[in-house]
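Q: Chain residues, written in single-letter form:
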Amino acid sequence: MTLLSVKDLYVTFRTESGIVEAVRGVSFDLGRERLGIVGESGSGKTMTGRSVLRLIRPPGRIDAVEMTFDGIDLLKISERQMRALRGKRIAMVMQDPKYSLNPVMRVGEQLTEGLRRRDGLRGAELHRKAIAALEAVQIRDPERVLRAYPHELSGGMGQRVMIAMMLIPQPDLLIADEPTSALDVTVQAEVLSILDGLVRDRGMGLIFISHDLRLVGRFCDRVLVMYKGRVVEELEAKHLMQAQHPYTQGLLNCLPRIGGDRGPLPGLDRAAAWAG
Amino acid sequence: MPSTLWFRPAGLALAAAMMLGTAPAALLAATPEDTLVIAAQIDDIVSIDPAESFEKSGGDLINNVYDSLIELVPGTSELTGGIAESWDVAEDGVTFTFTIREGITFHSGNPVRAEDAAFSIQRAVKLDKTPAFILTQFGLTPDNVDERVTFEGNTLTILIDEPVAPTFVYNCLTARIASVVDKELVLENEVDGDLGYEWLKSNSAGSGAFRLLTFRPNESYVLEAAGDYWRGDVQLNRVFVRHVPEPATQRLLLERGDVDVARDLTPVDVEGIAGNEALKVDEAPAGYIYYLALNQKVEPLNNPAVIEAMRWLVDYQGMADTFLKGQYIPRQSFLPTGFLGALDETPYSLDIEKAKSILEEAGVEPFTAKLTVRNNQDRMEIGQALQNTFAQAGITLNLSVGAGAEVLGEFRGRQHEITLQSWGPDYPDPHTNASTFTVNPDNSDEAGLTGLLAWRTAYEPGELQEMTEAAVRESDADTRRAMYEEIQRIHRDTSPFIPMFEEVDQISMQANVNDYHPGGGVDAATYWLATK
Amino acid sequence: MTLIPDPTPTRRPSRAARRARTAAGLILSLVATLLGLLLVTFFIGRIVPIDPVLAVIGERATAAQYAAAREALGLDQPVWMQFLIYVRDALTGNFGTSILTRRPVMEDIARVFPATLELATIATIFGVLLGIPAGVVAATRPGSWIDQLVRLVGLAGYSMPVFWLGLMGLLLFYGILGWVGGPGRLDSGYEMMFEFDVPRVTGMILIDTALAGKWDIFRNAVSHIVLPAGVLGYYSMAYISRMTRSFMMNELSQEYITTARVKGMPEWRVVWVHALRNVMVPLITVIALSYATLLEGSVLTETVFAWPGLGLYITNALFSADMAAVMGGTIVVGAVFVFLNMLSDVLYRLVDPRARS
Amino acid sequence: MTAMMTWLRDPNPQSRTQARLGQMWLGWLRMRRNPLAMIGLMIVLALLLMAAWAPLLATHDPLTQNLSQRLLPPGSAGHWLGTDEFGRDIWSRIVYGSRVTLYIVGLVALTAPAFGLLIGTVSGYFGGWVDQVLMRITDIFLAFPRLILALALVAALGPGVENAVLAIALTAWPPYARVARAETLTVRSADYIAAVQLQGAGSGRIIWGYVMPMCLPSVIIRVTLDMAGVILTAAGLGFLGLGVQPPMAEWGQMISSGRKFLFDQWWVATVPGLAIFTVSLGFNLLGDGLRDVLDPRSASR
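Each protein sequence line maps, in turn, to chains L, G, D and W. Quick note: the first sequence uses our numbering, first residue 1220, plus one each step. Quick note: the second sequence uses our numbering, first residue 11, plus one each step. Quick note: the third sequence uses our numbering, first residue 136, plus one each step. Quick note: the fourth sequence uses our numbering, first residue 668, plus one each step.
By construction, these hints were calculated from the structure, which means they are not laboratory data. From the three backbone atoms N, C-alpha and C, an ideal C-beta is built for every residue, glycine too. A portion of the hints provided could be inaccurate.
[Stated by the list, open to error] For lysine to any residue, the following SDA-like pairs were computed, each having C-alpha atoms within a straight-line distance of at most 25 Å:
{"hint": "1", "chain 1": "G", "residue 1": "Lys364", "chain 2": "W", "residue 2": "Thr731"}
{"hint": "2", "chain 1": "G", "residue 1": "Lys211", "chain 2": "D", "residue 2": "Gly209"}
{"hint": "3", "chain 1": "G", "residue 1": "Lys380", "chain 2": "W", "residue 2": "Ala823"}
{"hint": "4", "chain 1": "G", "residue 1": "Lys307", "chain 2": "D", "residue 2": "Gly209"}
[What the hints assert, rightly or not] A few chain G residues facing chain W, derived, Cβ under 7 Å:
{"hint": "5", "residue": "Gly203"}
{"hint": "6", "residue": "Gly282"}
{"hint": "7", "residue": "Ile283"}
{"hint": "8", "residue": "Tyr300"}
{"hint": "9", "residue": "Gln327"}
{"hint": "10", "residue": "Gly328"}
{"hint": "11", "residue": "Thr332"}
{"hint": "12", "residue": "Asn385"}
{"hint": "13", "residue": "Gln397"}
{"hint": "14", "residue": "Asn398"}
{"hint": "15", "residue": "Val411"}
[As the list claims (entries may be wrong)] The following residues of chain W were derived to be distant from chain G, with all beta-carbon distances above 10 Å:
{"hint": "16", "residue": "Val711"}
{"hint": "17", "residue": "Thr731"}
{"hint": "18", "residue": "Phe753"}
{"hint": "19", "residue": "Leu929"}
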């Protein structure tokens, strides 16, 4: 069944030099599956993810023919109703825990903020849930982490905290916006596997946004390739290598392969027509 | 109707608001029943030691805390008994005796004795602070004062060096330097033989109507009635004098009822409170003469024609009627109102044509001169008005504005060209002004006679000096008066001084305040008679 | 005069410099700064053409009296000797004797400083209580009418001569409306009560009367401090609101704000809890800076309101060539500047967990 | 015109000049949308015009006294802003006073940044103990109560417009030194500086010819923002009688002499007060708008 349905999504910004369209007519449907969105920076993939949560602030503006989540029209509901969806049913993990965690709040306070404010939990119950959430992301020393400030955690640890925080309310849809690209390569794998496991266990939908095509191919069921605000290709992850669109092929060719030739990596061809 | 109606709304709101200011408002502060609260500029107080104090505000304090040998009847220049109930001069004209009043005590409880009176004069002469000249002009020096000022029983004897008009001596002894201090109390607080100088900077040892309760320099002082006062009942228990530098603020405080008396309102403020039934304004001559001094070492200011022309270039009446209204009256001689021999005549007036022709006849080309004034509102305004009228006769005045000490320093150093200055009498005798305006025994720079105005502006008084020396020895009052009148006329017409105004003290107060005597030019304020 | 603190807080050392600073380094720079202050003030004191001797002896003094007074003031020594003596005395807390008040300068300052401290503190409280919310609200609605209003009110504060605003306020709220007390710290009657019935503990009337339980004097003191503190507080508010707005704009664009929104936190919580806590970190320096500027800005305000504080003391001293008092007062203000800088460093560490480790 | 605008707005400029002009054009557009900044600009322009055309705009000689016409209220015949205590026309004095204000602002804007620039570039370029010493001096001046320092300086130098300028400049330079030093530090290690050094250019020439020009823009931005502060400081000095000497018209001094009429002839002090307020508000609004345009960090957010 369809969890999220987006049709003809536009995200536009008014600036001095005129109107800039960051996302231009993106459409996709999502069930309880894992959808990857790939593209270079500025391709509109992050904007697409954020429009689902209606996080585009003025002067940005969201237009779409349809944007429904579980039968709820995301374009029509009030900000208040939207707030009820955020966190509770749709969550998002962002790129760099260094920036996405509040630097002057203890981890525990940030982690349990939703539980306290939304569910009114206090005391031992709250503590138990917080510990459980941290244990779920394989943090061995949850007591210490709860008392720590974000800057006292390593990147990987921070991102686990982020994931734990987002998954506490058991959302139906998780948007992961480059969740590992700010991390060391060794940690990346660990964090990814934790994320993978949790998403699988809890059977939630996932939008995985990345510039890393191979990673997405490994991790997702389906892939959208975006370029300059448009979806240029949509395909099953397992068929990634058979991508038709030259841009997708270009992205694939950029990746160095062990044992491949040592010549310069090919630059990306960009035909104006793709963006048209 | 002017074409500027659009400006009205903004102004109107403010103007309406101003008018409301005179209506009684809700939050009226009241002063305590038994306390006279005075707003005044008292930052001129350098010292509250009678041997050193020399400025106006300090005099008010000392006059109410100490008694001097001879007092003035409040509000007049008439002599009356002080610590001395009677006095006399011997045939030789140099031996003065004073009988000390019995039964008076200091605030400490010590009796007031001839010994204290002698000590006070000896102390003042020995400390030799600025006002010491009032005593030392009679030949008293730190070395001889112990022999010349003596006491026996209740009699004090002062031996001066040469005969002078006896009233001159008595007048000098009303000055605050002749205040009688409590010898025992002062000596108890003596440090390293300083005759109690350090201690008296912030304490008092008097027998006056009030004792000093607190003194905070530049802020306030509080006096408290000392108990039985020999001159009569003290009406109010306390006097609280607050330093309020801004006249506008003083006016606000007065209008709001937060003070009983405001000393320093400007003519504008006085006019502004005129319609207020709850307030009244008293006037008294302040004694200060405002004058121009032209440095005789500077060309062409030493040209008699230039000086003469300048006398016709001052808009005496115009200024007195406008921005100086009520607080300065034209005065063209060096003695203030009320002094023996004072002259009320004002022969000079603004006459630009006449000034021009005088300059023309003398062949004086248009020139530029520097006019130094103190950085004080009134004086700067006088300066600007002079600038305006002088310019019309081809004399360009460049205004140089400086702090009091700076302007004074220039004058004392004979560095000025033209300077606007004021002079107040030190004791109620005409000699006080005559001796400085007309005496200059040595006109050289090296002489350093900085205490003499004539020397400062390099003026050679010639015959005037002998006339002044003769006048101070004349014992017949009428002859003496005529001598001073003549001295002033000659001085007015020939000296490089141009007296312009005499200051008038306008004291604004609540309508219920009575018998507050500001003292005027001769005496200091008297608080003990005041009621409210 | 200008009450505008630097828009870019150049007085604030960089974060790296902060970390590098050791206690010894702090003390060293403190000493160097204070010595510099001493030197500059002394130099200015020497070139002032006003003769301090004349301020002591007045118009009538003779040449001999002049010489005696000059010697008593130590002005007959060579200049470098005077400076050495001055520094030596200053090190022992002796800034000489004021010509104007005839008392040790340190004693004078100890007496007048609490009045300034009280005024500047209340003004800063005004500035913080109004400025932070105004800045926050403006930052959350950039370009809106309320943002423009906050901007305009702030800029108006930057553009108004303080002596002018003070006079106008006095006229309107005291002279006409009668809502507040007049110039000075108390009405005359209460001032005498305070003088004689209230023990001096801190020298700050509000605190001393509260300690003594003299609530009528306290109320009167409040009515007197409201206006000058309001005028100074306006400048403080103008500065704090502008800085808050700019810091807040910066914080609101941070990722952790998005995180909070993603968590479904209501907007007020995002702004007032998540963002504001971060804004407070740089804001502490700003508040300390504005506090220091108020101490200095009190010079003209105190004149208008006849507030017997350090500003008035220094101004009076300046116009009477009372250089011992001017130098003492300037050094105290300078030392307070340095001290506030250190204090903001310490507070910074307390508020920002990143600076602690 | 349209072609010109298209050229200016070209997102892919062909030359540095086009890019720079395009940026300026964008900045201008952004500022034009800020009504407050435009008001500020108009006020500043009005001030300039007023100063330039003072003899035409003034209805009277600003110095001529007429004691029979003193303290006339605004709206009096021939004196639409009234007269002062000497019967001088207030409007004419305001008009001529704008020249003094501009003169002071101009002189300070030339001297303080120049000195700050010198200290900052020398300090940043040489580094080491030179830097230590100069920055320590800068710190001392920053730790100083600026207002009191300016007062003391004028008291020491004697009142007058040039001395007031000097005092303001002497207290205003440290922030410029800081800005210049920061810029110099980023420029110092640039390759082209190394190239010039290799050619054997002396330090003086490098600083003057290569470092200073790089620091100028940021210093100039600071100066614009500081203008209003300079006006207020100058007015404050005038208010205390330490600025321009009478009879010349200066706004701060006009307030000071009108202070004693505040209750009864309010306009004498009110009008120059409003003039100071308006002009410094104008500079502030303009500076604020400029900052928004020129400082990319705060722009468009």
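Q: Which numbered hints turn out to be false for this structure?
A: As far as the earlier hints go, 4, 5, 7, 8, 9, 17, 18 and 19 are violated by this structure, in ascending order.
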